[in-house]
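Here is what each chain is made of, one letter per residue.
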Amino acid sequence: MRFPLSSVTLASMLCASLCISSGEALAAAQSQDPVRLAVVSAPDADFITNVFGTLLKKAGYNIQYVHTDYTAQFTAIELGDLEISPAIWSSSPELIAAALASGSVTKVGSVGVKIRETWWYPNYVAELCPGLPDWKALKNPACIKALSNPETDGKINYLGTPADFDADDERRIAALGLDVHITLPGTMAAMVATMQGAIERKKPIIGFGFVPHWLYGSGVGTFVDFPPYEDACRSDPAWGVNPDLVGDCALPTGDIIELINNDFAKREPNVTDLLKKFVLTNDDVAWGILKQDKGGLTPEAAAAEWISTNEKKWSPWLQ
Amino acid sequence: MVTVASITFGATSVAPLLRPKWLLSSRLWVAFGLILLVAAYIGREVLPEGLYVWPKQWLLPLLKMSNDVLNQLLRRSEIFGEPLRVWTRAGGEAVGLPMRGLQNLLTTGWSFPGRTAAETVTLPPLSWVSVVLAATYMGWLAGGRRLAVLAFATFAYFLVLNLWAQATLTLASVAFAIVVGVIFGLVLGVMLFRWRWLETVLNPVFDVMQTIPPFSYLVPVLILFGFGPVAALVATLIFALPPMARAVVYGLRRLPDHTFELSSMTGASRWQGTSKILLPSARDDLLLGVNQLVMMALAMVILASMIGAGGLGAEVLRAIQSLKIGRGLEAGIAITLLAVLLYGYGHSIAVRRPSHLSRPQPIRHLAILAAILVIPTVAGVAIAPLAQYPAELTISTADFWSRVISWLNGNWGDGFETARLTITLGVIRPLLTILRNLGWASIVASMLCFGFALRRPSLAVLSCATLILIAAIGYWDKLLITFNLVTVGTLLSLFVGAPLGVWAGSSRRVHAVSEVVVTTLQTLPSFVYLVPVVMLLGPGDATAVIAIALYSVATTVRYTDHAIRNVDPTTIEAAVAFGATPLQTFWKVRLPLARPGLMLGLNQTILMCVGMVVITALVGSQGLELETVDAIARVEAGRGLLAGLAISALAIILDRYVGAVAEKLNAPGSPRAKSS
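Chains as they are written, first to last, in the working numbering: chain A, 1 to 319; chain B, 320 to 995.
Just to be clear, a hint being listed does not mean it is correct.
Claimed, not checked - Below, a list of computed lysine-lysine pairs in the DSBU-like style, where the Cα atoms sit at most 35 Å apart: (1) 202/A x 291/A; (2) 139/A x 797/B; (3) 58/A x 313/A; (4) 139/A x 114/A; (5) 155/A x 797/B; (6) 114/A x 58/A; (7) 383/B x 107/A; (8) 313/A x 277/A; (9) 145/A x 797/B; (10) 266/A x 276/A; (11) 114/A x 294/A; (12) 58/A x 107/A; (13) 203/A x 58/A; (14) 155/A x 139/A; (15) 155/A x 375/B; (16) 203/A x 145/A; (17) 797/B x 203/A; (18) 155/A x 203/A.
To be verified - Pair ranges (Cβ atoms, derived): (19) 668/B x 267/A: 43 to 49 Å; (20) 752/B x 309/A: 56 to 62 Å; (21) 379/B x 174/A: 28 to 34 Å.
In short, the hints are calculated from the structure, not lab data. Don't be surprised by glycine CBs; every beta carbon is placed ideally from N, CA and C.
Start from the sequences and build out the full structure, keeping to the hints where you can.
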């Protein structure tokens, strides 16, 4: 099974025999209208969504996974075309703000998974830039030369982020006085593909990265250590190594948050409760990603395996 | 086999206007335009900066305004006290009802939600055995053994590569979109044919529908039609309907007078005349339209899956986003196979002639079909392997393809790097610098001159007004970046495609091979090869140009092949008889005679490049195409729509100018020949 819709079918076909036994004991669902969850073709987010979906199913709800674009899901939750998204990365603040501003979406809380996102390099780059992961190593002329290419006028070629990420790279580069040219990848797929392509032929490269993620969290590379984030870094120029400019620090640690459509939340208060109790750790998600990337499992199969091995963890949530 | 695929623009071949007295000679206008460009380039340091970069204080605040207007319209406007979207959604659901039925039948089965899980009733979908046999049987009925084999092989591919659920879901939605598209296309086409004034209204609308990047209307469609297959259907129809309608008009217009006379002589009513005499007579041109419709509907499969349609598109996206290139390719090829098969069905049904030897036996066929559909499905309730194809019997070629990419990357990586640097530093950047140094003022003014030189004053004025508007919104530099990508992409495509097309045009064997390759390139979702290209080349302009060329080279090859092949053989024989060497025959006879077809090919190649340019935003290009994608990510639907319209304007202006040049070259007399 590679496709959520078909597994839903299978599940609903078998439902007559299976659902009764598991459904009765648990918090009863209010209705059998399908609860629609977004699946966005990313191993990390889809794992979280599938775990939550499986839990809802155990609580007696009728689940439907809808394939969408990550960006498009915000409009969908706002208009009630999707009920819940339990895997929203806090790193696209404009989309989240617009959805919340519409008045029909609520942020329930966070999944508990911490996002680390900053500059990332494959481990072999450390040999070219002695001193990494400390950011000051990027000022070493030999390091700059190794990471540059003829397109960047002798500057470090840094692989940036898709347009909707709030990476704050320009201010960081200016404030820390780095000699860096930003190459924009267009999409996350292109960003990861570029990094993976370079790793395969051991080409020197540095770029944006984040965890949890199947590549950036796989141990083949390391994050650059910038001065840790404080709110003052973005508001007070005097803060940090550069007394004249703001932005001379790393990004704040992010969250994976949960959004819910207001009408649905009112109709099904139990779901909001379950969403509040629903907590995963970084290790859980890393495990789920590994199962998909190396184990060849689909997100739903990985989620099913997590559910069956972690009963102690989730059974109290359904009480 | 799928034949010619293209974006067919409508009646651009308006008879050349009578030459107004005040127009100077063409050569003078061309010279004047060129002088302007050269002067602007030389005077870059001396002339006012405002002639090159649109001054900030003149910028119109249209971007923000469009966001507000669109937001107001889509989210807050009401009809009879209900929000607009309630109406559009109800309409969409009604139209999409048969599609949902088809999806339930083929893929998902039925589920009638009760109050609790226990009360929910479910029905299974058709057994895979039923679907394979029925498709094969219908293929045999419609097109004989060849189509039956094709149908069987296609469905077997879905099964063996573990793509059954996805493929049948896509099949259901695409087949339905095609049927709706044919119906709407026929109705629109006949209306356009009957009332000529309608054409002046709809022609520009069609042009925009065909050229505006789907990304830019994604958010409005989502709001109006909700999330899922119906929204995908609407997006597909916006894109795919115009070629069908245009093919109908074109076909009807080309009919000889006696067809119409027959229609009135036999006393046919208007409906009878149209449906029984006119449309069947225009069959070949209608088929070209259906071909386009199939291609375009399948080209939208990826995008459709981004707005909830699921299916093969979602599988491609998921595989490619986690860099499972092989899996992406498998699913992509499934899309190609579906295109070929669906066109095969349509074609066979359309060209089938009633046989007078054997009496048709519809009841017998229906009975056999019913048996095929019902028996395995019912049996599947008891025998699991009939309901669900056994997973042990599936294979995967994914590892192989991933290894191919890794091998290429490891062994030829440095070569790719050199190629990228050569294209970026040697071609793309210098050209862009030249374009920027020309400035908006001289480019607009010279476009005006060239328009006059082509004897199209209204085209010239309209194009210039549009370009100035684009500059005034603040999109001039982005327009240049996009135009530059299109230009380099077109050149690359011609450089590679034209020789291949000539080769295919002069050899039957090469032609057969090139047909398969070209069809695959055109129907394989570009996302499938875009990401491997990024892995090898990294993001940026060079990757964008190569991706554009990969897509449009198919069109170049096909049209060149077609044009060369269609040169009258007797003329060639005559040339040979006069003692022309093969080279002379080619350069002096074949090539000049093929010119109208070649110009059409050039035009189509440019349009394909513009069509593809929006996808390049996904691999880091920085022009207007980035605006459409970026605007969605920043929840500014209006800005996305405007950027999309600007791309559309670029496409239309290029099409009209190249078309006018072609017409002038082919003059006197012959209207722009259409080589299909």
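Taking the hints in turn, this is what the structure says about them:
Taking the CA atoms of residue 202/A and residue 291/A, the gap is near 25 Å; set against the 35 Å cutoff, the hint holds. Restraint check for residue 139/A and residue 797/B: satisfied, since their Cα atoms lie roughly 33 Å apart, inside the 35 Å limit. Only pairs whose Cα atoms come within 35 Å are accepted, and residue 58/A paired with residue 313/A is accepted, the gap being roughly 14 Å. Of the supplied pair hints, the one linking residue 139/A and residue 114/A holds, its CA atoms being roughly 29 Å apart against a limit of 35 Å.
Pair hint residue 155/A plus residue 797/B holds up; C-alpha atoms about 25 Å apart against a cutoff of 35 Å. A distance of roughly 26 Å separates the Cα atoms of residue 114/A and residue 58/A; the hinted pair therefore holds under the 35 Å criterion. With a CA separation close to 27 Å, the supplied pair residue 383/B and residue 107/A stays within the 35 Å bound. Pair hint residue 313/A plus residue 277/A holds up; C-alpha atoms about 11 Å apart against a cutoff of 35 Å.
About 31 Å separates the Cα atoms of residue 145/A and residue 797/B, which keeps this hinted pair within 35 Å; it holds. Of the pairs offered as hints, the one joining residue 266/A and residue 276/A holds, with about 15 Å between alpha carbons and a cut-off of 35 Å not exceeded. Taking the CA atoms of residue 114/A and residue 294/A, the gap is about 23 Å. The hint holds against a cut of 35 Å. Proximity of residue 58/A to residue 107/A is assessed by CA-CA distance (about 23 Å); at most 35 Å being required, the pair is judged to hold.
Taking the CA atoms of residue 203/A and residue 58/A, the gap is about 48 Å. The hint is violated against a cut of 35 Å. Only pairs whose Cα atoms come within 35 Å are accepted, and residue 155/A paired with residue 139/A is accepted, the gap being roughly 10 Å. Our distance criterion of 35 Å between C-alpha atoms is met by residue 155/A and residue 375/B, whose separation comes to about 30 Å. Simply put, residue 203/A and residue 145/A have alpha-carbon atoms about 13 Å apart, close enough for the 35 Å limit, and the pair holds.
Restraint check: the Cα-Cα separation between residue 797/B and residue 203/A comes to about 31 Å, which is no more than 35 Å; the hinted pair holds. Restraint check for residue 155/A and residue 203/A: satisfied, since their Cα atoms lie roughly 16 Å apart, inside the 35 Å limit. Our hint of 43 to 49 Å for residue 668/B and residue 267/A holds, since their Cβ atoms are close to 48 Å apart. A hinted range of 56 to 62 Å for the beta carbons of residue 752/B and residue 309/A is consistent with their spacing of about 60 Å.
Between residue 379/B and residue 174/A the Cβ separation comes to about 31 Å, which falls inside the hinted range of 28 to 34 Å.
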